[in-house]
Amino acid sequence: MSSVPLLSLLVWLPIVGALVVLFAAGRNDGLARILSLGTAVVVFVLSLGLYTGFDSSTALMQFEEITPWIAAFNINYHLGVDGFAVPLILLTTFTTVIVVIAGWEVIQKNVAQYMAAFLTMTGLMIGVFSALDGMLFYVFWEAMLIPMFIIIGVWGGPKRVYATIKFFLYTFLGSVFMLVALIYMYTKSGSFSILDFHMLALSSKEQFWIFLAFLFAFAVKVPMFPVHTWLPDAHVEAPTGGSVVLAAIMLKMGGYGFIRFSLPITPDASAQLTWLIIAMSLIAVVYIGFVALVQTDMKKLVAYSSIAHMGCVRRGLFFPFIIFAKGATGGSVLGIEGAMVQMISHGLISGAMFLCIGVLYDRMHSRNIADYGGVANVMPKFAAFFVFFAMANAGLPGTSGFVGEFMVILGAFQANFWFAFLAATTLILGAAYMLWMVKRVVYGEIGNDNVAKLVDINRREFLMLAILALGVLALGLYPVPLTEMIHASVDNLINHISSSKL
Amino acid sequence: MNTLLIIVLAPLVASIVAGLFGKQVGRAGAHWVCILGVGLAFVLSANVLYGLVYGGNPVINERVYTWMVSDGLHFEIGFLIDNLSALMMCVVTFVSLMVHIYTVGYMHEDPGYQRFFSYISLFTFAMLMLVMSNNFLQLFFGWELVGLVSYLLIGFWYKKPTAIHANLKAFLVNRVGDFGFLLGIAGIAYLAGTLDYAEAFAQAPAMADQQMILIGDWSWNAVTVICVLLFIGAMGKSAQVPLHAWLPDSMEGPTPISALIHAATMVTAGIFMVARMSPMFELSPAALSFVMLIGATTAFFMGLLGIIQNDIKRVVAYSTLSQLGYMTVALGASAYAAGIFHLMTHAFFKALLFLAAGSVIIAMHHEQDIRKMGGLKKYMPVTYWTSLIGSLALIGFPGMAGFYSKDIIIEAVHESHTWGASIAYYSVLIGVFITAFYSFRMFFLVFHGKERMDKHTREHLKESPWVVTVPLVLLAVPSVIIGALTVKSVIFGNFFDDVIYVHPSQDVIGVISAHFHSVLGFTANSFKHPPVYLAFAGVAAAWFIYLKRPSIADNMAKQFSGLYRLFENKYYVDHFYEKVLAAGSRGLGHGFWKYGDEAIIDGAMVNGTANTIGRFAGWARKLQSGYLYRYAFAMVIGLSGLMGWLLFKS
Chain A
684 MSSVPLLSLL
694 VWLPIVGALV
704 VLFAAGRNDG
714 LARILSLGTA
724 VVVFVLSLGL
734 YTGFDSSTAL
744 MQFEEITPWI
754 AAFNINYHLG
764 VDGFAVPLIL
774 LTTFTTVIVV
784 IAGWEVIQKN
794 VAQYMAAFLT
804 MTGLMIGVFS
814 ALDGMLFYVF
824 WEAMLIPMFI
834 IIGVWGGPKR
844 VYATIKFFLY
854 TFLGSVFMLV
864 ALIYMYTKSG
874 SFSILDFHML
884 ALSSKEQFWI
894 FLAFLFAFAV
904 KVPMFPVHTW
914 LPDAHVEAPT
924 GGSVVLAAIM
934 LKMGGYGFIR
944 FSLPITPDAS
954 AQLTWLIIAM
964 SLIAVVYIGF
974 VALVQTDMKK
984 LVAYSSIAHM
994 GCVRRGLFFP
1004 FIIFAKGATG
1014 GSVLGIEGAM
1024 VQMISHGLIS
1034 GAMFLCIGVL
1044 YDRMHSRNIA
1054 DYGGVANVMP
1064 KFAAFFVFFA
1074 MANAGLPGTS
1084 GFVGEFMVIL
1094 GAFQANFWFA
1104 FLAATTLILG
1114 AAYMLWMVKR
1124 VVYGEIGNDN
1134 VAKLVDINRR
1144 EFLMLAILAL
1154 GVLALGLYPV
1164 PLTEMIHASV
1174 DNLINHISSS
1184 KL
Chain B
68 MNTLLIIVLA
78 PLVASIVAGL
88 FGKQVGRAGA
98 HWVCILGVGL
108 AFVLSANVLY
118 GLVYGGNPVI
128 NERVYTWMVS
138 DGLHFEIGFL
148 IDNLSALMMC
158 VVTFVSLMVH
168 IYTVGYMHED
178 PGYQRFFSYI
188 SLFTFAMLML
198 VMSNNFLQLF
208 FGWELVGLVS
218 YLLIGFWYKK
228 PTAIHANLKA
238 FLVNRVGDFG
248 FLLGIAGIAY
258 LAGTLDYAEA
268 FAQAPAMADQ
278 QMILIGDWSW
288 NAVTVICVLL
298 FIGAMGKSAQ
308 VPLHAWLPDS
318 MEGPTPISAL
328 IHAATMVTAG
338 IFMVARMSPM
348 FELSPAALSF
358 VMLIGATTAF
368 FMGLLGIIQN
378 DIKRVVAYST
388 LSQLGYMTVA
398 LGASAYAAGI
408 FHLMTHAFFK
418 ALLFLAAGSV
428 IIAMHHEQDI
438 RKMGGLKKYM
448 PVTYWTSLIG
458 SLALIGFPGM
468 AGFYSKDIII
478 EAVHESHTWG
488 ASIAYYSVLI
498 GVFITAFYSF
508 RMFFLVFHGK
518 ERMDKHTREH
528 LKESPWVVTV
538 PLVLLAVPSV
548 IIGALTVKSV
558 IFGNFFDDVI
568 YVHPSQDVIG
578 VISAHFHSVL
588 GFTANSFKHP
598 PVYLAFAGVA
608 AAWFIYLKRP
618 SIADNMAKQF
628 SGLYRLFENK
638 YYVDHFYEKV
648 LAAGSRGLGH
658 GFWKYGDEAI
668 IDGAMVNGTA
678 NTIGRFAGWA
688 RKLQSGYLYR
698 YAFAMVIGLS
708 GLMGWLLFKS
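Chains as they are written, first to last, in the numbering used here: chain A, 684 to 1185; chain B, 68 to 717.
What the hints contain is simulated information worked out from the structure, not anything from laboratory work.
Where is the CB? At the ideal position from N, CA and C, for every residue including glycine.
Treat each hint with caution, since some may be false.
Stated by the list, open to error - Derived CB-CB ranges, DEER-like:
{"no.": "1", "chain 1": "B", "residue 1": "H432", "chain 2": "A", "residue 2": "Y845", "range": "56 to 62 Å"}
{"no.": "2", "chain 1": "B", "residue 1": "R438", "chain 2": "A", "residue 2": "A1157", "range": "50 to 56 Å"}
{"no.": "3", "chain 1": "A", "residue 1": "K1064", "chain 2": "B", "residue 2": "G122", "range": "45 to 51 Å"}
Stated by the list, open to error - Here are the simulated lysine-lysine pairs, PhoX-like style, with alpha carbons at most 25 Å apart:
{"no.": "4", "chain 1": "B", "residue 1": "K522", "chain 2": "A", "residue 2": "K1064"}
{"no.": "5", "chain 1": "B", "residue 1": "K227", "chain 2": "A", "residue 2": "K1136"}
{"no.": "6", "chain 1": "A", "residue 1": "K1122", "chain 2": "B", "residue 2": "K661"}
{"no.": "7", "chain 1": "B", "residue 1": "K661", "chain 2": "A", "residue 2": "K1136"}
{"no.": "8", "chain 1": "A", "residue 1": "K1122", "chain 2": "B", "residue 2": "K226"}
{"no.": "9", "chain 1": "A", "residue 1": "K1064", "chain 2": "B", "residue 2": "K227"}
{"no.": "10", "chain 1": "B", "residue 1": "K522", "chain 2": "B", "residue 2": "K439"}
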């Protein structure tokens, strides 16, 4: 195993693939598509090696690679993964395949560039999830935004410039503080190793400021109320593939950041500020739920639902501190594992929802709910998928959407009844906004002549939605393979954060 | 174990075949595969029940697979097969089988034929998973899955605006119930540390004294909180006030599913669940009182609404609501066995009444208004006689199935000491009169009296085909005999020993049993009590008002116009939901969006920051205009300022 640098391969292969696509097939759209699909599939198959070769009995980093990078500052090219990173990497490589398939016929302008941008982004995102050096992490973290800007800026909608600038301002502001925190910790520990940061003794004041610095970076990404307003705009302007990657993977970076940095580096500050995070996330369930209800644009509606669902992740990550404060630990594992499961599940479901909206948009060039009605009459296969994913998004048991939320609510009950109570309102609100949209888009008499002319999904679209549907069902009916993989890492994290650093 | 797997998987496989390969297998293929699947499930279920009751087979409590393990909690999929679940399995699969056969006739012209069969088989699977579960997780799975299928079936005719309004409403109201239910399950996981029934119930006595602090220092008995939360789930699914509003609207779905889902099986899931949780509920008198009062309210007030309905299906729907109230009252009185017994008899006669109503609707060319019917007796003899049997069973005519179950509930409430029992007693007692009145009002208006339909419809009136009438007859048989046949063992025997737990001080069935000697004696004895006479009075009143002197009904409607309007508007509950809750939510959402997100966060904070920086930059830019004289001027001013400061400082 150690002979093959699997993680490096996963990071750089898509980027090399992107260059090949760009230079070898710049003019030849067909070749560009095939090369991109080939690269995406190879990367996905390789990433399965992480699953098969993963030892789920330990929380130690696996598949580690370490080489000096900038020796003067003790910065290393250090990669490695644990139970938190592997599922997210698998989600990334899987989503890339879907995104390439989704863009197959839809993208007619600058095909090679489009595909290259996505492949590059894949490599960089895998880099984020596997970097164990703070500086390396930061480089990947920032670099990943560049292809995203390009994707929204070039293939995006009419207001794409506003959306990209907003996206940039928000995320960049966040990351700058993170950089400061990383450098500060370097001056304390003499290295940028994230694992060293975990062990670094920090006073409560230091922890407080470091926590806030990271919070800026991650809260924007997750996104947390009230710094969430970039997301609906970015989604609306992004092309379908961009929305899928944004929802399925980029939002997870925030959650991953909390797990990798905030919780283990500043456990005392996390405990101290838990109320803030939980209050914000509980406000978000209700506030965002109601806002989602009245959206007129399908993409905005799903974007708001993403914010609500990611709220569940934050609750899961932070209410364990309330349990610790009571001197107990029961329920804390449920919270963190639930948050992880929710991230993976949300990746599949929100990706699928955006693909569904993309299918409609490709035909009608409208995302406006009012322009639809009675789609089931002309697109029965599509309607079945749409209703299925909407139900999954509303947390129907048997689909993956249920698992994470169920775990987090079960765990939250052990922290405080009212947390569970407010968190569970998503059961009602989530169903309300999703199914009301379904009612207006899918059901009813044919709304207008444009709807009457719609044709049902073709084989390519069927394939991508069916694969996602199977994933959503498999995870909902048998989540064990996922939870097994993260058990050891969660236990280790709980151990680490339940004891004070002071 | 394999038998059990076949029982649940046969309908599931059938559903998948009919649903995904509907085009390939064709209409006949779809209905055959579904009927065979459900038929197989029924035969095996009957065999399981027989083995338990007569064969001395042990109770089965087995795991199928481990769904997940986290935080020491084992989430499992497994079966608990005792007399309660076996009985439910038989009821579900039998009614489902009848409905499957009936559907062949009822839906034969519908373009969504295969889809319909796929849904009802999927429903059977979900309902079986619900009743056979041995843990809370799977219970919730089944619970939500039947809700999903109910949603899909109410909206089966998805072009109908009323249908897609009704299915959304049904799902959301049920979700309000599920919200409570899920919290209740979380509470069990918290207190008992397990989701397995047997393990959780074993710890129930230890939980009895635990307190939960909810608001300030106000502590509550934890079991009461959990039981009330679980019961909120039951209120949604079993359509108890105030979460009842979805059930009458669900009649927008095709009639076969009204019989199967919204009368016989799914809506009784709440009753089943509370009976299953008897070891928990028995610990909390407060929760039992709550259950009883909700049930009594539903039984009484929903029955009243049945009187003024003119849609044939809605009359039966309100009757279902009211009867579910009866079952709930029984639960509240700790007479779980009586509740389940009524659930069973009701499943047969109510499915019968719905299917008979469907038969009438076919004959009437989908006219559902009973004011436009009348005199159908001579055109539809089978439907007529089976409807009569169903109605008699419903009103509790001595000897019929509903008689035993209803009489025992009324007696049980009479004996009960649970707080609120006296209110409940009078509710269910007067309810008997109301039930008889609305049932026979409908019966007389449909089958007797003047023929009020138009000429075209009258010329085409005929009895429905055999696929419709055979299920009617097959359901009529148990509607007559099942009560007399089983009351002795189910209620007064040991059928539910070790399955349902009743605290000795609340054992009302035990009190009634003391007077029980034989089925015949029990039947004869009932003539000494008021319910039988109330039922007769109800029938007589309906006959007099609607057949003998039809003018009375109109006069009464005018005399009591205020009350009539209250009934007509269903106590304004729907108005409240739509005008206040739904509209309020949309208003709130709009407010949050326009003022919160757009004005404050985006307007003031995000773009505000950008604008402020922009303005600042614009001002700063003026300093660097590139004009030499400005720089020179600035230098002169600066220099003088500096010199002046140095001078005056010393």
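Results for each hint:
Distance hint for H432(B) and Y845(A): a CB-CB separation of about 58 Å, consistent with the stated range 56 to 62 Å. For the pair R438(B) and A1157(A), the beta carbons lie near 53 Å from each other, so the given range of 50 to 56 Å is met. Taken as a hint, the range 45 to 51 Å holds for the pair K1064(A) and G122(B), whose Cβ atoms sit roughly 48 Å apart. For a cut-off of 25 Å, the pair hint linking K522(B) to K1064(A) is broken: about 43 Å separates their Cα positions.
In summary, the hint linking K227(B) to K1136(A) is supported, as the alpha carbons are separated by about 21 Å, within the 25 Å threshold. A hinted pair counts as satisfied when its Cα atoms are at most 25 Å apart, and K1122(A) with K661(B) qualifies at roughly 24 Å. Restraint check for K661(B) and K1136(A): the C-alpha separation of about 35 Å exceeds 25 Å, so the hint is violated. Note on K1122(A) and K226(B): the hinted pairing holds, with a Cα-Cα distance of about 10 Å set against a maximum of 25 Å.
For the given pair, K1064(A) sits about 20 Å from K227(B) by alpha-carbon distance, which is consistent with the 25 Å threshold. Our distance criterion of 25 Å between C-alpha atoms is met by K522(B) and K439(B), whose separation comes to about 11 Å.
Checked against the numbered hints listed earlier, the structure breaks hints 4 and 7; every other hint is satisfied.
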